[in-house]
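**Student:** Could you put together the complete structure from these sequences and hints?
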Amino acid sequence: MNNRASSFWHNFKNSKYLYLMSLPFVAWVFVFSYLPLWGWTMAFQKFKPAKSFFEQDWVGFYYFKELFHDDMFFQVLRNTLAMSVMGLIAGFTIPIVFAILLNELRQQVFKRFVQTISYLPHFVSWIVAAGIITKMLSTDNGAVNELLLGLHIINEPIQFMAKGNLFWSIVTASDVWKETGWNTIIYLAAIAGIGPELYEAARVDGASRLQQVWHITLPGIRSTIIILIIISIGHLISIGFEKQFLLGNNLVRDYSQTLDLYALNYGLGTGRYSFGTVINIFNSLVSVLLLFTANGIFKKITKESII
Amino acid sequence: MRARLLTSSGTPWSDRIFDVVVYVAVILVTIVTLYPFLNVLALSLNDSTDSVRGGITIFPREFTLKNYSTIFAFSGLITGLKISILRTIVGTLLGLLSASMLAFTLSRVDFQGRKFVSTFLALTMYVSGGLIPFYVLIKDLHMMGTFAVYVLPGLVSAFNVFVIRSFIDGIPYALQESAKLDGANDFTIYWRVILPLTKPALATIALFLAVGQWNSWFDTYLYNGSKDHLTTLQYELMKVIQSTTTNADNFRGRNMIEVMAQISPESVKMAITIIVTVPILIVYPFLQRYFVKGMTLGAVKS
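Chains as they are written, first to last, in the numbering used here: chain A, 1 to 307; chain B, 1001 to 1302.
Don't read these hints as lab results, they were simulated from the structure.
Among the clues, some could well be false.
With a straight-line cut-off of 20 Å between C-alpha atoms, the simulated SDA-like cross-links for lysine to any residue are [as the list claims (entries may be wrong)]: (1) Lys-13/A - Arg-1108/B; (2) Lys-1293/B - Ala-192/A; (3) Lys-163/A - Leu-148/A; (4) Lys-1293/B - Gly-193/A; (5) Lys-111/A - Arg-1108/B.
What the simulated footprint calls covered on chain A by chain B, stretch by stretch (three residues with Cβ under 8 Å from a Cβ of chain B suffice, anywhere in the stretch; the number is not a length) [unchecked claim]: (6) 49 to 56; (7) 78 to 88; (8) 121 to 127; (9) 164 to 172; (10) 208 to 219; (11) 272 to 283.
From the three backbone atoms N, C-alpha and C, an ideal C-beta is built for every residue, glycine too.
**Tutor:** What follows is the structure in structure tokens.
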């Protein structure tokens, strides 16, 4: 025992610079990532910002009950799930298809040009993106309306941003526009890892290009796809609020509020910290639950898992 | 094996059609991605009263720089630009320092605290307290209305640490040992040996940090919205964009109204959008090969 302790101190002295270079940041992480978890206690109190922790009134699950009796909550939950499921489906299939398309391009210079352009929207802020999207969809000279009018598909401009039932699709399409290029990077890397001899053999057997995609490329990136699906399902409910905040407006409020936006507006906005914290907790717990469920299901079906 | 129709060059017709479909699809995607940017650029360079007539696509019809000169006369924008540049520089440098130091210590197998620090960091990628507890924390730390709130809360990012760490793992340990024999301590090894060899990974992370800092607006909205001397460019852009869409209730910039009286709000939006976007356009193509590598590396490791 004594020996072990002294060897620890010996080692500690030897690596004092390593401790000096990491412990301050560990303290940092503790303050900004772990201390907020302590804030979860607010959910069980009638939290008043002016009072100290020991002076708060404890109310148990009062705010949880209030949340589950709130009609607005179920509307918000519906919006969150609708947009996240739509985002999950589109955000999965489209980058995979695009990666395969890019991989089939023969001219390397053209391929690199397309890739460079496809990454561009990922790097602009959602504010810029929302501004551009609003402009494209606007009724006065917006590109989408002009195109539809020009093709005689519609007779008068559609007020895209004012229609609640279009909001989910607009958010999903915006996300696809912004992130498809970026999300292909991982799939392109996975495709690059497939051995060229497989394609060679398929060609000898007379497989067409489409058959090669179906029988070699897709199975080749299967495990990458599954791992990314599991991770995304874990994030299913925490889709944030940035897009919805920036693309939404009062006219589409019934369709645009997500859980986080709800916590922001009805928690912070009105000073109901406890109620807002309950929403945050609900969000986190469901995320973890979804992650484990998805992981479990995929483990059974496909023998792939991340945990 | 059934016979196939071949073209004159010997490729089957089905493959030829496949090629055509691929190229058409890719070109369409490229146009859809790029056109909105070019359209906004053209509108920002076009006379604002002329733009209202419509029909501007990717070239300005009546070229002018007036939209830009007008909005630069607005002082809020200059302040926003200064704060945005400052937070990008400070945030990137501090973020690089923290990520590389942690990555270096985590790469050292002889470091006892390695496992603990690594788990402690990794957990932050899965658990978070949420918006409101975080807001209360910032308030309790008296960071509301300060510049520090832009840089300090997000200082350490586990993802960045792990990307750099996997890069350092690829550097032969013998280099560190020989430096040690020459009498270098661990800090000197980090500074003189590891940092110079980690440049590609650092460049990738620097890009992520810089873009993140440049693009963020929510911290301004939440903590510094009423502090005119601390608002960022993105926040100013948000005010303008939100003000002329349907919810005018978010609108707070008084001076902006005077500016917009002179030219159409559309042109103001377009010009600010371009100003906010240009720095990214300049930087990211140069760093592309780094971040593609970095992303791939991160994906494989995690």
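**Student:** Indicate, hint by hint, whether the structure satisfies it.
**Tutor:** Here is what the structure says about each hint:
With a C-alpha separation of about 15 Å, the suggested pair Lys-13/A and Arg-1108/B falls inside the 20 Å cut-off, and the hint holds. For the hint linking Lys-1293/B to Ala-192/A, the alpha-carbon distance of about 13 Å falls within 20 Å, and the restraint holds. Of the supplied pair hints, the one linking Lys-163/A and Leu-148/A holds, its CA atoms being roughly 17 Å apart against a limit of 20 Å. Using a Cα cut-off of 20 Å, the hinted pair Lys-1293/B and Gly-193/A holds, with the two alpha carbons roughly 14 Å apart.
Restraint check: the Cα-Cα separation between Lys-111/A and Arg-1108/B comes to about 40 Å, which exceeds 20 Å; the hinted pair is violated. Under a criterion of three residues with beta carbons nearer than 8 Å to beta carbons of chain B, the stated coverage of the stretch 49 to 56 of chain A fails, only 1 such residues being counted. Judged by the Cβ-Cβ criterion of 8 Å, the stretch 78 to 88 of chain A is not covered by chain B as claimed, because only 0 of its residues qualify and three are needed. Only when three residues or more bring their CB closer than 8 Å to a CB of chain B does the claim for the stretch 121 to 127 of chain A stand; here the count is 6, and the claim holds.
With a threshold of 8 Å between beta carbons, the proposed coverage of the stretch 164 to 172 of chain A by chain B is violated, since 0 of its residues qualify and at least three are required. Using a Cβ-Cβ cut-off of 8 Å, 3 residues of the stretch 208 to 219 of chain A lie near chain B, which meets the minimum of three, so the contact claim holds. For the stretch 272 to 283 of chain A, the stated coverage by chain B holds: 7 residues have a C-beta nearer than 8 Å to a C-beta of that chain, and at least 3 were required.
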